[in-house]
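Which chain is which? The protein sequence lines are R and S, in order. Quick note: the first sequence uses the numbering used here, first residue -3, plus one each step. Quick note: the second sequence uses the numbering used here, first residue 1125, plus one each step.
Don't read these hints as lab results, they were simulated from the structure. Warning: the hint list may mix true and false statements.
Lysine-lysine pairs mimicking DSS-like chemistry, simulated, CA-CA at most 25 Å apart [unchecked claim]:
no., chain 1, residue 1, chain 2, residue 2
1, R, 196, S, 1391
2, S, 1216, S, 1249
3, R, 262, S, 1391
4, R, 262, S, 1249
5, R, 257, S, 1198
6, R, 21, R, 68
7, S, 1216, R, 257
8, R, 257, S, 1422
9, S, 1391, S, 1409
10, S, 1409, S, 1439
11, R, 262, S, 1328
12, R, 257, S, 1409
13, S, 1272, S, 1249
14, R, 85, R, 8
15, S, 1378, S, 1409
16, S, 1391, R, 167
17, R, 257, S, 1249
18, R, 257, S, 1329
19, S, 1329, S, 1249
20, S, 1329, R, 262
21, S, 1391, S, 1216
Between beta-carbon pairs, the in silico distance windows are [said to hold, decoys possible]:
no., chain 1, residue 1, chain 2, residue 2, range
22, S, 1159, R, 15, 51 to 61 Å
23, S, 1134, R, 109, 35 to 45 Å
24, S, 1263, R, 277, 21 to 31 Å
25, R, 100, S, 1142, 42 to 52 Å
Just so you have them, the derived chain S footprint on chain R, three or more residues with Cβ under 8 Å [unchecked claim]:
no., segment
26, 70 to 79
27, 127 to 141
28, 240 to 254
29, 300 to 314
Idealized CB from N, CA, C, for every residue including glycine.
Read off the chains here:
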Amino acid sequence: MAEHLLEVEHLKQYFPIRDGFFGSKPLKAVDDVSFTINHGETLGLVGESGCGKTTVGRSILRLYEPTDGVVKFEGEEITDKNIHALRRKMQMVFQDPYSSLNPRMTVEDIIGEPLDVHKLYANKKERREKILHLMDLVGLNAEHATRYAHEFSGGQRQRIGIARALAVDPKFIICDEPVSALDVSIQAQVINMFEDLQEKLGVAYLFIAHDLLVVRHISHNIAVMYLGHMVETASADELMDHPIHPYTESLLSAVPIPDPKIARQKNRIMLEGDVPSPLNMPTGCPFRTRCRYATERCAAEVPELTDRGNGHKVACFVK
Amino acid sequence: MNYEHLLSVQDLHTTFTTDNGDVQAVNGVSFNLDEGKVLGIVGESGSGKSVTAYSVMQILAENGGITGGKILFKGEDITKWSESQMTNFRGKSCSIIFQDPMTSLNPVFSVGNQLMEAITLHTDKKGQAAKDRALEMLKLVGINEPEKRLKQYPFELSGGMRQRVMIAMALACEPDILIADEPTTALDVTIQAQILELMLDIQKKLGMAIIMVTHDLGVIAEMCDEIIVMYGGRICERGTADEIFYNPCHEYTKGLLHSIPSVTGKKERLNPIEGTPINMLNMPKGCAFCPRCAAAMKVCLQEVPQEISINEDHKASCWINIRDHKGVQEEVTTNG
């Protein structure tokens, strides 16, 4: 068995953007990102909108053709040839439970579709049994099987989406903002379910989200992205308690704390301005235009991720 | 003029007529708002928090209307006002920032045009004076190169910038009340922090009152003096921020606070509220929360709990508190 379940090495994902009549220039959505995920563990991927976190997830599953880089699953390089077979082991849960379920299919057929595609049953009876088992796993009643998606609330729809991902018995699930569209009380139910499933089935997650409190709660390790680059990665507690990169620092201090006393005492590091356009990237370190420590070197060179001990990696010259 | 509170909402009922029957979106909500205060209304989708805010502005959808209660602004009942009086009220005395800065600006007019419209409509500033005021507002909300922005169209601005333009527009006529309906939900955390800071900053400068409608308990904790927790169209608990966060009394508020991951990062299992959000077409007879409440008693199914005072700064509508506080334990237990 390979040491890591998933290894991403120097992944690059550029999209051509039309520029003028004939020309095109690349939008560097993901630029040289590397990380690993262990068996049965969760990596939280955080960053602001447009930082490329969703693209990373989609490139791993080859929903996009990566521009460059290698993604290995259980030591085996993912290529166009083996991706279909590998999708039995890697699945995805999408953000929007309203648009990711086909409104013309019953719950039974939605959950059963991956079983059909990968031919995972011998007869109708077995298919039905598998579907009911999956529904039970995510806390849906058997009588829900013949209903349509629109009859369910947001939280229940997300459960259907998760049951569909679990249908092929995957080892790895990419969760792209799976709880962002849900109310707080429902969010907690779904987070608990993710944790239970990991314990029961040993499935690993790439948990993409922007809510840092949720990510800290569910993740073993966290990686922070900014403008297509990975700027910092460490174990969840280490990263949240001792952030090193200036961007992580200000991102953490911007999180509204649901505790009035702590909120009043907090010393907030305010970031000036907006994220630059990925079409018009700053030279050198992508964060330098908003960084209060930026030096001349930051404008000239791109910092590499370097290990600062205990697997805490940071891409910054200054800190 | 003599009035007790800047805004006083008394027993407000707002109803929507739908094909499937009437929906009581707001069911007997009362609260007061004083000058310079930040009031937070928190609740999940469908709790009636936005409808309460829209009712104050009277900008409800076609099929909705205020069916009971009073809204007193500086002592006058604005539910009885004519449409032209309301037009004057909106924007000048009370303005609103919506959740989605992408859709709440008109894409075919320039930023300057939209800003100046609000100014010329509600003040006596015209032409150059209105333009100067628009520039001044853009500077106030921290937009760089305001001259250039006036000529730009909304699609040329980022989400955070658009929300700043919305705030500039809402504040251009120095309203007494600013209603912010999930003003930062569509924005990233670093931009959210900028916008919240900006709102508090301007509030200190201009001294207006803010009604902050949100589902984000973090935003509430950072912004608000007083908090109202809503569920199923009713207020279930109200009090100062400290009281609500450190001494929650209603079972729903407790559940909400247990549903958020710990700030310190302790890996405790979350303790969510079971069940699914309420169906407003099929409201329970008693307490709206009782179908999801772990501590529900028989009386909760039958009667809507009255609001009682926990202490000076804190009120809750929950039968458990009524039982514990009023010594009606015997009566309740014999029922249940």
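Each hint, compared with the structure:
Distance restraint check for residue 196 of chain R and residue 1391 of chain S: the Cα-Cα separation of roughly 18 Å lies within the 25 Å cut-off, and the hinted pair is therefore satisfied. For the suggested pair residue 1216 of chain S and residue 1249 of chain S, the alpha carbons sit about 13 Å apart, so the restraint of at most 25 Å is met. Between residue 262 of chain R and residue 1391 of chain S, the direct Cα distance comes to roughly 22 Å. Compliance with the 25 Å bound is thereby established for this hinted pair. Of the supplied pair hints, the one linking residue 262 of chain R and residue 1249 of chain S is violated, its CA atoms being roughly 41 Å apart against a limit of 25 Å.
Restraint check: the Cα-Cα separation between residue 257 of chain R and residue 1198 of chain S comes to about 33 Å, which exceeds 25 Å; the hinted pair is violated. Distance hint between residue 21 of chain R and residue 68 of chain R is unfulfilled; the C-alpha atoms sit about 29 Å from each other, more than 25 Å. Between residue 1216 of chain S and residue 257 of chain R, the direct Cα distance comes to roughly 35 Å. Violation of the 25 Å bound is thereby established for this hinted pair. Straight-line distance between C-alpha atoms of residue 257 of chain R and residue 1422 of chain S comes to about 37 Å, which puts the hinted pair past the 25 Å bound.
This hinted pair does not check out: residue 1391 of chain S and residue 1409 of chain S have alpha carbons roughly 38 Å apart, beyond 25 Å. Distance hint between residue 1409 of chain S and residue 1439 of chain S is fulfilled; the C-alpha atoms sit about 22 Å from each other, no more than 25 Å. Of the pairs offered as hints, the one joining residue 262 of chain R and residue 1328 of chain S holds, with about 19 Å between alpha carbons and a cut-off of 25 Å not exceeded. Between residue 257 of chain R and residue 1409 of chain S the alpha-carbon distance is near 38 Å, which puts this suggested pair outside the 25 Å criterion.
Distance hint between residue 1272 of chain S and residue 1249 of chain S is fulfilled; the C-alpha atoms sit about 21 Å from each other, no more than 25 Å. Between residue 85 of chain R and residue 8 of chain R the alpha-carbon distance is near 23 Å, which keeps this suggested pair within the 25 Å criterion. Using a Cα cut-off of 25 Å, the hinted pair residue 1378 of chain S and residue 1409 of chain S holds, with the two alpha carbons roughly 22 Å apart. Taken as a hint, the residue 1391 of chain S and residue 167 of chain R pair is honoured in the structure, with Cα atoms around 23 Å apart against an allowance of 25 Å.
Using a Cα cut-off of 25 Å, the hinted pair residue 257 of chain R and residue 1249 of chain S is violated, with the two alpha carbons roughly 44 Å apart. Proximity of residue 257 of chain R to residue 1329 of chain S is assessed by CA-CA distance (about 24 Å); at most 25 Å being required, the pair is judged to hold. For the hint linking residue 1329 of chain S to residue 1249 of chain S, the alpha-carbon distance of about 21 Å falls within 25 Å, and the restraint holds. With a C-alpha separation of about 22 Å, the suggested pairing of residue 1329 of chain S with residue 262 of chain R holds against the 25 Å cut-off.
Among the hinted pairs, residue 1391 of chain S with residue 1216 of chain S is inconsistent with the structure: their alpha-carbon atoms are about 49 Å apart, more than 25 Å. Between residue 1159 of chain S and residue 15 of chain R the beta carbons are some 53 Å apart, a value that agrees with the proposed interval 51 to 61 Å. For the hinted restraint 35 to 45 Å between residue 1134 of chain S and residue 109 of chain R, the CB-CB distance of approximately 54 Å leaves it violated. Between residue 1263 of chain S and residue 277 of chain R the beta carbons are some 29 Å apart, a value that agrees with the proposed interval 21 to 31 Å.
Between residue 100 of chain R and residue 1142 of chain S the C-beta distance comes to about 24 Å, which lies outside the given range of 42 to 52 Å. Check on the segment 70 to 79 of chain R: 0 of its residues sit with their Cβ under 8 Å from a Cβ of chain S, so the three-residue criterion for coverage is violated. Beta-carbon proximity to chain S at under 8 Å applies to 0 residues in the segment 127 to 141 of chain R; the threshold of 3 is not reached and the given coverage is violated. Only residues whose C-beta sits within less than 8 Å of a C-beta in chain S count toward coverage, and the segment 240 to 254 of chain R has 8 of them, enough to reach three; the restraint holds.
Residues of the segment 300 to 314 of chain R lying with their CB closer than 8 Å to a CB of chain S number 0, which falls below the three-residue condition for coverage.
In this structure, the hints that do not hold are numbers 4, 5, 6, 7, 8, 9, 12, 17, 21, 23, 25, 26, 27, 29, in rising order.
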